[in-house]
Each structure stands twice: as structure tokens, then as C-alpha cells.
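**Student:** If you want the building blocks of each chain, they are given just below.
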Amino acid sequence: MARTVNLVAGAVLVGLVVLVALVSFAWTPHDPLLVDASLRLSGPTAEYVLGTDRFGRDVASQLMVGARTTLYVGVVAVGIAALAGTPLGIVAGMRGGWLDELIMRVNDLVLAFPALLLAIMLGAVYGASTLTAMVAIGVATVPSFARVARAGTLQVMSTEYVLAARAGGRSRAWIAGRHVLPNISGLVLVQSSVSFAIAVLAEAALSFLGFGTAPPTPSWGRMLQESQELLAVEPRLALIPGAAIALAVLGFNLLGDGLRDRFDPRLEVRR
Amino acid sequence: MTLAIVRRTAILLAGVLAASIVVFAFLAVLPGDSAQVALGVNATPELVERTRQEFGLDRPLVAQYLDWMGGVLHGDFGVSYVTREPIGPQLLDRLGVTLWLVGAGMLVALVIAVPLGTVAAVRHRKPSGALVSGLAQLGVAVPAFLAGMILVQVFAVRLGWLPSGGWTPPAHDPVEWLRGLILPAASLGLVQGAVLTRYVRTAVLDVQREDYLRTARAKGLRPYPALLRHGLRNAAVPVVTVLGLQLATLLVGAVVVERVFVLPGLGSMLVDAVAARDLLTVQGIVLVLVVGVLLVNFVVDVLYTLLDPRLRRS
Amino acid sequence: MRARWLAAAIAMILTVPACSAGSTASVGGGAADESTLAVGFTAEPQNFDFTTTDGAAIPQALLYNVYEGLVKLDGRGEIVPLLAESWTVSPDRTSYDFRLRTGVRFSNGAPFTAEDVKFSIERVKTDWTISLKSAMDVVERVEVVDPARVRVVLSRPSNSWLFSMTGRVGAMFSRSGVADLANEPIGTGPYEVASRRRGDSIVLTENPGYWGRRPDYRTVVLKYYDDATALNNALLSNGIDVISQITAPDSVPQFEADTRFHVVQGTTNGEVVLAYNNDRPALRDARVRRALTLAIDRRALLEATWAGRGTLIGSMVPPTDPWYEDLSGYYPHDPERARALLAEAGVRELNLRLRVPNLPYAVSAAQVVASDLSRIGVRVTIQPLDFPAVWLQQVFTDHDYDLSIVSHVEARDITTFGDPDYYWGYDSARVRRLLERADVGTREQQLADMRAVARTLTADAAANWLFLAPNIVVARTEVTGFVRNQVSESFDLTGLRRAEG
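Quick note, the sequences are listed as chains A, B and C, same order. Numbered according to this note's numbering, the first sequence spans residues 30 to 300. Numbered according to this note's numbering, the second sequence spans residues 2 to 315. Numbered according to this note's numbering, the third sequence spans residues 175 to 675.
No lab work stands behind these hints, which were simulated from the structure alone. Keep in mind it's a predicted model, so treat the numbers as computed, not measured. For every residue, glycine included, the Cβ atom is placed at its ideal position computed from N, Cα and C. Check each hint, because a few of them may be wrong.
What the hints assert, rightly or not - In silico EDC-like links for lysine to aspartate or glutamate, alpha-carbon gap of 20 Å or less:
| id | chain 1 | residue 1 | chain 2 | residue 2 |
| --- | --- | --- | --- | --- |
| 1 | B | 127 | A | 60 |
| 2 | C | 299 | B | 47 |
| 3 | B | 127 | B | 47 |
| 4 | C | 307 | C | 595 |
| 5 | C | 299 | B | 50 |
| 6 | C | 307 | B | 55 |
| 7 | C | 307 | C | 610 |
| 8 | C | 299 | C | 320 |
| 9 | C | 292 | C | 317 |
| 10 | C | 299 | C | 289 |
| 11 | C | 299 | B | 55 |
| 12 | C | 292 | C | 271 |
| 13 | C | 307 | C | 510 |
| 14 | C | 292 | C | 320 |
| 15 | C | 299 | C | 317 |
| 16 | C | 299 | C | 311 |
| 17 | C | 299 | C | 354 |
| 18 | C | 307 | B | 47 |
| 19 | C | 292 | C | 311 |
| 20 | C | 307 | C | 296 |
| 21 | C | 307 | B | 50 |
What the hints assert, rightly or not - From the structure, some residues in chain C lie toward chain B, with a derived Cβ separation under 10 Å:
| id | residue |
| --- | --- |
| 22 | 218 |
| 23 | 226 |
| 24 | 227 |
| 25 | 300 |
| 26 | 304 |
| 27 | 372 |
| 28 | 404 |
| 29 | 414 |
Here chain A stands alone, though its shape is the one from the complex (with noise of 0.2 Å):
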């Protein structure tokens, strides 16, 4: 029952930035970037229904148009990761001795490697935007994503009908694919939805710092950042853009619970 709740409840609210985010893209009820003094730090009202921010720009369209922000954070550093992490990580499981021992040390050092120097150094050269916080994320997730799928690579090899399968002369690649990918892609879209939690979070984070999304283009970690010094005298613009990071954040940690509970081997045997 409470497995459902998660899942159910993780699936609504993604699906509602989701939506919120497809939305943005139709319409919004004004201009997100339009600038106006004459209204600034409005409070809610019938034409402004989260109010103005400081440049008199309506908050709940930069928050709309913001959903798309946090969604390409995601998917871009999600995506580097799994890219890259899933693959090392079946390599490294499949293959063991001298080559699971680099890639895993390897995976060691970016994990030591502090992704903040990574993306302040990302953003020195390319100049700081979403993408270049979203590949230093994405990079530092790629360990997270190897162990997961090596981890769950082991457990398949040590099945039986893998191990038929190699005692009947099927190549690696073959056992990879009709196996291993097929067995772990639970485990690695689990993986995914926590991972995407942890990137909205380090959006925000790398936004707030100054190495995050560059203006205009709304961000709810940008929005956060630029109203934090508002937070005594107007807190809405800091709350709301912050509820709504952290329900995206919940939205996503309920989804990857619900799928753990679904997808989990442990589990299963268990059972």
C-alpha cells in the first residue's frame, strides 16, 4: 500500500512540473523577463497571482518558465551521468580484475574531486550557464551511477542462467545486452530519479553561489538567490521559488522510492 503512495504521489507531482513546464512554453500569463519599476515587489494580486519581484517582473511566470529550467537541469546531468556511469560500471562488473580496479579507483578520485571547482572552472571558460553547472553535476554523478550498475551486474553474473549462457559460448556483449541491461535498468532508472532530486538541489546550490543559470533566463535557484537578500522584508520571493524546488526535489526522491520498491532484486527475493 504505502509502496503505491509513494509512487503515486512522486508521479503527481513530477508530472505537475512537467506539465507546468509544457504550459510555459504555450503560455504564461505575462512576459517573464519584461521589467517594469512601476510594479515592483507588488504583492499577489488577481492580475499578479504570486506577486512581482524586485524588477517588477511577474513571479508566477518566471516560476512556470523556471519548471523548464529545473527539468533541463536534470535531464542533461542525469543524462551525462547514466551515459557514462551505467556502461563503466557494467564494464567494470563483467570484466573484473585490473579493469574493474581502475575504473573504480578512477571513480573514487571524481568522487574526491569537489564538483564545485568543477563548475566554478567550467563556468571560468565557457562562461557560467545551466549547461556548464548541469556537466559538472552530471560528471560528479557518474560514480554514483557505475557503482549502482556494477553492483547490480555482479548479482546478474552470478545467476544461473548466466551462467548457462556463458558455459553455452555467448559472448560478452551478448550476455551485456540480453542480461545484464535488461536486469539492471531498474536499479539504473531508480538511480536516475535520486539523482535527478540531487541535481535540482545543486542547481539551486551553484545558483546561489553564482556559478548556476545566467540571467534572464528564470531559474528557481537564480529566483532564490536574487531574493535572498529580501528575505526579512518581502520572504514570498524567497519561499515560493523554495517550495517549489522542494517539491520538485520530493516529487522525484517519492518517484525513485516507488520504483526501489518495484524494481529492487533484494527486495523480490525477499519477498
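Based on these hints, arrange chains B and C on the given structure of chain A.
**Tutor:** Then chains B and C, alone, in the frame of chain A:
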């Protein structure tokens, strides 16, 4: 055993060497240079060149790298271009602040996570357990700096109970030091604690399904005593692993919290040094961080062996 | 086994205080001790040597407080005596005779004499590396007449020379006190540097041998904060007594409404400039630059980015300069005319890169500029650059930009428009001639010529002077004596008083 340690140490050293080369190469391609930053606007090219020579930036990269590495091996991290002071003592000073922050944050996280996670697991079919899990889920989702900003508004600005930021060395004034540490540790620890709560819950849930615990329960032990006597040690294995991993990723969190609370830690030093293109300092910081994280991994591995009876035997 | 790692953990914890114990003490809030004052700043000096490290942070902390010059700039922008009791200028205005104050000692105990003046001025040419050293190029020689009299001979008359002597270039160093300028500053001022904690604070204590009035505050802690919010919170929670400069202006009403604090507001030398790269084909045509200038509603921009606190100027001259004229109405906000001008210049499509430092004021202003320009059909891409490193390299040195926004904080920096190699990319023979004549000429001629320079720049739309940053000091009510207009390079602590209450 000895062989394993030698091997691990060799891997550690190779890792550090690789990291130092990567950092050096990355920084070499960064646009902007420290001579220019030191001289600021209106600096003429001749002056920039002269300052570059003074800093030794005009020498071949390999020579610069070997020089630096040679110094580091003797415990000399060089003299910063920007502060004109030896980097080693500064690093140590900043590291102290960050260690306190991360340590206290971890403590807060553990104090929150161990009881809550255990409760959530034992009562996982009851509303109270679900409530704890739900709260933990929400806690994970809040950005640490937002939590920090709100804590400052409430406890420092509105109530005036605690300082809003700044750092007092413990040797100078232990009371002030503790007061200053509470809010930063809380904002770092609350979010980390929420993360950890979920892992503790999972670990305890797993342990509860184990036969020895069922046996203990069958012998008439109440759930919590049974867990205390037989379960927690086993549940600690995955939790310690996660703790180690978290420690590695805590740095970004620490940077942000250092920023909110104006703590002179390693994170803010890194950001400042990169901004000033103080390459020697950046290299020093990253080297210390990488070594630190690799060491933590090493310690976690050892703890793992100690905690898990099955692994100990092998 | 378990006991062993526990012991190791305890050992690790115990070694940590040892790391931080070696560092200097930092004094907390000023409330604890009446004669201690804590002042919050945003830019921290990385070292104490302003002869080789540029930037506002070092002189802000040290000038007038630790280092003194022969002359200083008072709050009204007038040049007044400091270590010189008086001076006379020769009729041809190339020779300055200074009579020095006697009985002055440096904080290392050495007496201050005419030899030190000669040493300090000559040292600018030989040992300084920052660009400001060029202010001393005009000095031909320095003669020691007697221990209390010194004569400086210029190669030509220069109005800017004595003015620059009020800044850091005019600071007096001891012949026996320049061994480690980066860490041990030695001057004649009322304070000396007692200790520092990097990333946190600098502690100044009174110089016991000071020749002048004893400061009310015996100890001043300069505390450094990375961001504006933390600075505000520190004052609100009694962590400090003074905010030296507010950079989050929306928070000011909060302080104005609180009887614990008072707010002092004035002007600065900080012109926030939207720079046009005059050398770019797209921006070479003055009509295009005028169109961009007309398109931007500066009043609204000031409102949106600085809560309306600040001054509209319209040229590179702050109101505290003697040749100030209000040119802020020269280009009224008029998008219609802007569009017409663009059409007249034959511009159909204009895409510009606005490359700004990744600092809050610049990023804020950039968003308003981009929005305003989008209304006349100009597409602007904002690129925040790592500051100072990347901005200095790419925009300032390589001129790789179309538009940029930077606060130009140096005094009388209108002269930068006389340098064709400066990042403005602006080259006008007329402006160069006027600037040269103004420096050599009489007072009247200087005023007339400088006004002409300002007007020419505005007419050419050489840049868009968005506004002049305000000086906003917030302090506890009992701390008084602040300089209203921040026109010198120093945050002058010497006038601060403690009101009895």
C-alpha cells in the same frame, strides 16, 4: 593484511598524484591570470609581464608543476601570489573551521537520524512511522542555504539568541565559539540528517527481516531492546558507508553554509582563490580535499571490516 | 578493537583546536566594550600592500587610518593639510613647497622627516607596480630643504598631481618600514594593524604615539562579509556596530524604522556605466549609441536595482567634482526616437553581447538593460563573467565585448576617455586635447575644459552613465561622525565619535 594496506596506500598515492596533475592542467587553461588580477584595471602589459615574472608564471608549466610538487613533498605548499603568505598555515587554519562545521553537522545529522530512522523502521506500518518518513522526505528536499537563511532570520535577527554568523576560534572563547557553531551545524545537519534518516530506516528494516532478530523477538525481547542488542551493529554497516560518502559530498554543502554564515572555512577559501586566480592556493586546497576524501574512504573500508563479522573473517 | 578507533577519533577531534588556536583572536560584536567598534565591509583586502595590489579594499581599510599623506580629501572633496602643515605653489605652478608637521613618528618608532617624503614619492616610480603609479610621472624631482621642509618639482603644471597626493599614491612610508608591506603596514596614522583573521576580520588598535587627536574607539574590528544579506543580519543581531556600505538597498527602510540605528546617505565616486564598445562596427555610429541610450529608462533602472537610492548623472562626473553639471536629462527615456534613430542609421537587426561581471549590481542592471533594449528590437545576450579574472582578461584587456556594466569607482576617472586604448574603444582628438589642457591650465580653464569634456562625451554617447552609486552607511545610533559623501579612497575612521547617551 599488510599487503592489502600497502596496496591501498599505493593506490592512494597514485590517486593523489593523478589528482594533482589534473588540477594543475585544468587551472593552466583557465582564462585570466593572477598577475593581471593583482594589478587590476589600467595595468599596462609591461607591468603585468613584470609581475608574471615575479610570480614565476612565465616559466614552462612542467617546471612550475615539478617545483610545486617538490615543495609539497616537503610540506611546503608555497607562498600565495595574492596574500603573499605561506599557504600551508592558512590551509590548516581554514581546514580547522571546515572540519568543525562538517563534524558538528554530522553529529546533528546522526542525533536526528539514528532515533528517527529506527522509529520509522520499527513502526513502518503505523501512522507515526509514516509521519517520520514523510518529514524526512521533506527535509531532504529543502536547500541547505534556504534552511540556513531562515534559521538566521528566526534565531539571530528576530530572537537575538545566537550570532548571525562569523567565527570565534574555540581557544579564544569557547562559549562564543559554540554559540556561533550552533546555527551553521543545524542547517547543515538538518538536511543531512533527513538524508541519513532514510538510510537508517532502510538498514533497520533490512536487519529486522534477518533470522537472528526474529529469533530474538521470538525469545520474548521487546522490539527496541532486541534491536539494540543484536540489530544496530549490523544496521551500522550500510549507514557508515553512506556516512563516508556523504562526508565526501558535504563540501559543497559546507561551502554554501560557510557563505551564509560567513565562516572562514576551506570552501570560501577555494571560491576566493579561484576568483583571484591564486593557482598555488587552489592546487593546495584541492590536494588537501582529495587526500581527505580518499582517506575517509579508506577509513570507511576499515570500519566496514570491523563492523561486519562476515567480512572480518575473510 | 572498537576502543582503538574510538581513541583515534578522539585524538583527531583534539588536534582540530590546535589548528585554529594558532591563529589570531577575533573580537566579536562591539557591544561588549565601549571603546571597541566593529565595522562590516564586503571586500576583504587579500594583503596590505597597495603598492603592488590594486583594488579598493586595501586603501579603504588603511588610508588615513594607518597610512597618512601630506594632504587629505575631506568630506566635501576639498584638499586639506594632514602631514603637511601648509604648502605654497610657485607662480609657474610647477614647484610645491611643503612645511611638514613636526614630532610625527611612524608606528615603528622612526621619526617622520622630509627624507621620508622624498623616499615615499620616489619609491612610487621605482617600486610600485599598480597602474596608479603613473600619477607620479609628472614629478621631476624631490628636494629636501631641511628636515621639516620639502620641495616637489614637476616637469609641467598639473592640477591632478596634488589631488592624487590625497589618495594612496601620496601615502607616506618609513624608510625603515617597507620590508614586508604585504603583512606589516607601518604608517603615521592613528591606528596600527594588530592582527588579522583571513576570511573574517582585521583588528586595528590605536597607535599610542599618534601625533593627532586620540580616537574615541581604541580598537576597531573590520569584519568582512561575502554577501549583503549576511552583513545586514550581522548589524541586526548586534554582531557589528556599523555597515560601511549598504549593497542591498531594499533593506534600508528596515534600519530607518529601527531606533537602534541611523542611516547616513550621500554620494560616491562610483559611476555605474553601461559601456559601449565604441570600436565595434555595430556601435561605431554615434546614432546607434544614442538610440541605445534613449531606450533605457535610467530612473526606472535605478528604482529596480537600487530601490531608487542613487543619483542620475548623465556623464562621468559625480556631483562632488568641481566641474559637475547635471546632464542626466540629456537623453530622456524615449523608445520611439530610439527606434527612429536606429532606422536612420540603417540598422535592421542588432544582436549585442552584454558581458558583465558576475556581481549582484551588474547582473541586476543587466537584466533591466536587456529588457529595455528588447523593447526597441535590440536583442541582448547577457553573459556573466567570473570577476575579476575573466572580465579583466576578456572585456577589459582584449576588448571582446559589445556592452558591459561596471562601477568605475576611482576618483576623476573621466580621464580614461582620453586613452584610446582603454576598453571604451573611444578615440576623440578633441577630448584628448581638452583633457591635456585642463591638467596644465589655470583653475578657471580647468573647470571650463572639464565641463566641455563631459558634454562632448555625453553628446557622443560614448557610454551610458546609468547612475551614481549611493554611499549608504548604517550605524548604531551612538556612533557618529561618518563622512557623508564617500569621495576619498579611505573609509575614514578618524572622525568617528561616540555620542554619550
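**Student:** The structure should be examined with respect to each hint, and the outcome stated for every one.
**Tutor:** Results of checking the hints against the structure:
no. : hint          : in the structure
1   : B/127 x A/60  : violated, 48 Å
2   : C/299 x B/47  : holds, 14 Å
3   : B/127 x B/47  : violated, 75 Å
4   : C/307 x C/595 : holds, 18 Å
5   : C/299 x B/50  : holds, 17 Å
6   : C/307 x B/55  : holds, 18 Å
7   : C/307 x C/610 : holds, 18 Å
8   : C/299 x C/320 : violated, 23 Å
9   : C/292 x C/317 : holds, 7 Å
10  : C/299 x C/289 : holds, 16 Å
11  : C/299 x B/55  : holds, 18 Å
12  : C/292 x C/271 : holds, 12 Å
13  : C/307 x C/510 : violated, 46 Å
14  : C/292 x C/320 : holds, 12 Å
15  : C/299 x C/317 : holds, 16 Å
16  : C/299 x C/311 : holds, 7 Å
17  : C/299 x C/354 : holds, 18 Å
18  : C/307 x B/47  : holds, 13 Å
19  : C/292 x C/311 : holds, 14 Å
20  : C/307 x C/296 : holds, 10 Å
21  : C/307 x B/50  : holds, 16 Å
22  : 218           : holds, 8 Å
23  : 226           : holds, 7 Å
24  : 227           : holds, 5 Å
25  : 300           : violated, 12 Å
26  : 304           : holds, 6 Å
27  : 372           : holds, 6 Å
28  : 404           : holds, 5 Å
29  : 414           : holds, 9 Å
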